[in-house]
Structure formats: C-alpha cells, structure tokens
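Chemist: Chain by chain, the residues:
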Amino acid sequence: MRILVVGGGCGGTILANNLARRLAGEIRDRKVRITMLSASDQHMYQPGLLYVAFGQMMPDELYRDQASLLEPSIDFHVDPVEEFQLEQNRVKTKAGKIHEYDVMVIATGSRIVPEEVPGLREGSETFYSEASAVKMFKSLREFEGGNVGIVVGVPHKCPIAPVEVTFSLHDYFKSRGIRDKVRIKYHYPIGRIHTIENVAKWAKPEFDRIGIEYETLFNVREVDVENKIVKSEEGTEFAYDLLISIPPHRGMEVIEKDKLGDGGWIPTDRHRLTMEGHDNVYVLGDTTNLPVSKTGSAAHFEAEVVAENIASIIKIGAPVREYDGKVYCFIEAGHDRATYAMFNYQNPPDLKAPNKSMHWFKMSYNKMYWTSVRGLL
Amino acid sequence: MSECKTIDARDTFCPGPLMELITYMKQASVGDTLELLSTDQGTASDVPEWVNKVGHEMVSSEKIGEVWHLKVRKTK
Ligand SMILES: Cc1cc2nc3c(=O)[nH]c(=O)nc-3n(C[C@H](O)[C@H](O)[C@H](O)COP(=O)(O)OP(=O)(O)OC[C@H]3O[C@@H](n4cnc5c(N)ncnc54)[C@H](O)[C@@H]3O)c2cc1C
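Chains as they are written, first to last, in the working numbering: chain X, 1 to 377; chain W, 1 to 76.
It is possible that some hints are incorrect.
Heads up, incomplete: computed chain X residues facing chain W, CB under 8 Å, no partners named [as the list claims (entries may be wrong)]:
1. Tyr214
2. Leu217
3. Gly263
4. Phe343
Calculated from the structure, these hints are not laboratory results. Here a beta-carbon is modelled for each residue, glycine too, at the ideal position from N, C-alpha and C.
Modelling step: build the complete structure from the supplied sequences, incorporating the hints.
Modeler: What follows is the structure, given as structure tokens:
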C-alpha cells in the first residue's frame with residue numbers, strides 16, 4: 001500500500017505523523033509506505049506572522065526543518081508536484097519523477113493573490129508572508145498619525161485575523177502614546193463586523209468602546225495608490241494614510257491548472273474528506289472547498305480524521321470516523337487578552353469574555369505548535 | 001455560455017453563506033447564475049442586501065423545508 005502525502009504544512013505533517021504511528025507495524029513489515037512531497041524543506045508556523053508584524057516575534061522563530069518534524073519512517077522529498085494524473089493514480093514532480101499511489105492526501109494549502117485587486121499589493125501593508133510582516137512592522141514604527149484603514153479580501157485564511165490585527169493596532173498605537181493621533185477604520189465584506197455572528201456581537205461593543213470605526217458591506221475593488229484612496233465594490237471609499245489588508249486567497253496554481261478545483265479549491269466531501277469522484281484521494285486544510293474556516297485548527301482536526309480512517313481501512317477494511325466541521329480558534333483581543341471560538345457544522349461558538357490567561361495560553365501554544373504538528377499533542 | 005452553479009453553504013458558521021457567495025461570485029463569469037443553499041435564517045435578508053448594494057441581480061429566493069435557495073445572477 002503506497003500512501004502519498006502532497007504538502008508538508010500543518011495538515012500534511014499532522015496527518016503523516018499520525019498515520020506513521022498508527023501503521024508502524026505495517027511500515028516495518030513493508031506492507032505500507034508513506035511518502036511526502038513538499039515545496040519547501042522548511043515548515044512555517046504561520047500564525048506567528050501576526051506577532052512579527054508588531055515586533056513581538058522574530059521571523060526565525062517561525063521556522064523548523066520539515067524533516068526534523070517527521071517520523072523517521074516517512075520518506076520525505078522536497079520536490080513539489082507539477083502534475084496530478086488522477087486517472088493513473090500518479091503525480092509528476094518538478095524534478096520529473098513519477099510517484100504512483102494507492103491512496104493520496106492533498107494538503108497543499110493556499111496562497112495570497114493581492115494582484116487580483118488593482119493597487120492592493122503596492123498600496124497596502126499585510127502580514128500574510130514573512131517579508132510583508134517585517135515590512136508592515138517597519139511602516140507601523142514610522143507611522144506618526146493619520147487614517148488607518150483595514151480591508152479584507154475574500155476568501156482568506158484565518159478568518160479571525162481581521163479583528164485580531166485591528167485590536168493589535170489599537171494596543172500598538174496606545175503603547176506608543178499616539179493612539180489619539182490615529183483614526184482606525186475597519187472594513188468588512190459582509191453586513192456585520194465578523195462572519196461568525198457571536199464574534200460580531202462580541203467585537204462590535206469592544207470596537208465602540210475603544211473608538212474603532214467600522215464599515216460593513218465593503219468588498220475592496222481597487223486601491224488608488226497615488227491618491228491613497230481605497231474603493232469598494234459597493235461604491236464607497238476611504239482616504240487612508242496607512243492601509244492594512246488581508247489579501248484574497250486562492251489554492252495552489254497546480255490545482256487550478258490540472259482542473260482539480262476552481263480557484264484552487266478542491267471539491268471535497270464534508271464528512272469523509274475524500275475528493276469528489278475519487279475515493280482514494282483525500283483533501284485537507286486550506287485547499288478544500290469546504291464551508292469551513294481556512295485555519296490550521298481545521299487542518300489539524302481533518303488530518304486526525306483522515307489518518308484514523310486510512311489506518312482503519314488498511315486494518316479492518318472500513319473507515320471509522322467522520323469530520324464534524326470542528327474548528328478551535330484563539331482570538332487575540334489586543335496584546336494582553338484573548339478568548340477563543342470553538343464550533344462545528346451544527347453548533348455555533350459561544351464566546352467568553354477575553355482574559356489574560358487565554359492570551360498566555362495562546363503564547364504558549366505558539367511554542368507548543370511544534371509538539372502538536374509532530375502529532376504528540 | 002452562462003452557467004448555473006450550486007453553492008452548498010448549509011450548516012456553516014464560518015466562513016458563512018454570504019462569504020461563500022462572494023467567493024464564488026468572484027470566480028463566476030458575467031451572466032452566470034449561482035444558487036446558494038443556506039440553513040442560516042439571516043441569509044434571506046443578508047444576501048439581497050449585498051446583491052442590491054453591489055448591483056448584481058436577485059433572481060429568486062425561496063425556502064424549501066429548512067433550506068433557503070437563493071439564486072443570484074452576476075451582472076458585472
Ligand atoms: C497571519 C496568519 C495567521 C494565522 N493564524 C491562525 C490561527 O491563529 N489559528 C489557526 O488555526 N490558523 C491560523 N492561520 C492559518 C493556518 O496557518 C493555515 O490555515 C494552515 O497552515 C493550513 O494548513 P494546510 O496544511 O492546509 O496548508 P499549509 O500549512 O500552508 O501547507 C501547505 C504545504 O504544501 C506545500 N506545497 C505547496 N504546493 C505544493 C506542491 N505543488 N507540491 C507539494 N507540496 C506543495 C507547501 O510547501 C506547504 O508545506 C494563520 C495564517 C496566517 C497567514
């Protein structure tokens with residue numbers, strides 16, 4: 001049995017380690033082989049980028065060697081897939097190698113596409129990559145006052161990030177003693193300030209209390225970089241001195257090129273996590289088309305379900321679990337308080353008031369991630 | 001040729017039905033119709049509000065059992 005894992009990020013790594021442990025005997029007896037193909041020899045803890053943007057973490061804290069995170073029995077190659085040949089149960093890589101599989105798991109994540117909005121790349125700061133997060137921090141440091149706009153592209157990973165960055169901006173300017181010189185205005189694509197109703201209900205009075213303005217039904221259409229004006233699809237605009245954006249996302253280009261899914265999002269069964277029409281192909285994390293938040297947390301819970309099912313299919317010939325849409329997100333409510341949202345397909349989150357201990361729990365999780373991704377937590 | 005695509009946004013709290021519709025509208029071509037399925041009661045008013053504000057066309061809206069079926073045509 002040849003199991004091929006494509007993507008060595010959050011979901012792919014948790015899945016491969018979990019599977020390698022469950023199938024240790026079968027791997028030893030050479031009945032099962034797990035191969036992982038990824039695009040990088042480094043693994044990035046992406047949530048840390050938010051802290052880099054505020055000077056609270058250094059970029060080198062976000063990385064580990066991918067090989068060091070994997071069970072030794074996993075055959076790992078830095079050689080990205082360039083062609084999915086699903087009908088032949090094989091992929092072709094950048095190095096020109098062919099890998100055949102009996103079962104494949106695709107966890108290639110998503111990428112930012114700011115270029116889809118004219119002016120967004122040149123006109124705004126963001127924190128969705130290492131270079132942009134460092135650049136954003138330097139811009140914040142130099143900022144002495146004026147209008148700060150936050151705009152949100154659709155779709156985007158980490159749906160909590162828009163409110164987190166907004167609270168962090170407030171605390172950052174406050175700590176520099178210039179909050180009274182800064183007007184912060186948050187813009188959001190739908191008709192309330194967060195897509196999760198209970199998050200919106202909690203964040204709105206908080207925004208009011210600390211003087212953050214907001215405009216809803218604002219889908220960013222273009223940024224007039226010269227005149228520093230951001231315009232919405234809905235016909236409104238905002239004149240900014242500093243613009244912070246959550247860029248729109250797509251799945252990986254190879255997913256679109258090989259017609260696995262429009263926009264790079266692969267049609268996925270919401271409970272079994274198999275690719276529609278391909279029972280031996282599983283999909284995890286950001287690259288699914290599921291109506292689930294694109295978060296490491298969703299990727300983690302999905303990976304556990306898929307690992308358990310692939311192992312049980314090998315051992316007893318049947319899957320044993322279904323994914324229930326579970327997601328658990330920390331929500332930083334500034335630089336010293338946090339809360340969390342836990343929900344699934346059926347149950348909305350019930351938000352608690354933010355407190356200091358949740359913030360410290362999140363700060364510890366920033367380190368514990370490496371244990372979690374090894375599958376030990 | 002224009003297409004009619006169904007978006008299954010039943011039982012989702014995040015990203016939620018309207019966010020899903022906006023995602024798929026961006027991928028669609030002018031003239032395409034998208035049918036959004038939603039179990040969220042707010043959808044019946046949230047979606048038309050956005051569609052009217054942006055200037056797309058609301059084709060139909062009906063509730064079958066517990067599920068809202070909203071059809072929207074992309075006009076620009
Ligand atoms: C600023 C920021 C803050 C965030 N905060 C949070 C948070 O607080 N909580 C949370 O849960 N999530 C958060 N996230 C989201 C989280 O990081 C992602 O949702 C998660 O990493 C998705 O996991 P994944 O396995 O789908 O993709 P990724 O972890 O992105 O991994 C994709 C992997 O695929 C590989 N790959 C790409 N193309 C190919 C190819 N062609 N062939 C082979 N391999 C390929 C890549 O090299 C990479 O290893 C945040 C993200 C950002 C950017």
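Chemist: Does each hint hold? Answer for all of them.
Modeler: Structure-based check of each hint:
Residue-level restraint check for Tyr214 of chain X is violated (minimum Cβ-Cβ distance to chain W is 16 Å; threshold 8 Å). With its C-beta approaching chain W no nearer than about 6 Å, Leu217 of chain X sits inside the 8 Å limit, and its interface hint holds. The beta carbon of Gly263 of chain X is positioned within 8 Å of a beta carbon in chain W (closest approach about 5 Å), and the interface hint is therefore held. With 8 Å as the threshold, the beta carbon of Phe343 of chain X comes within range of chain W, its nearest partner Cβ sitting at about 5 Å, so the hint holds.
The structure fails hint 1 only (numbered hints given earlier).
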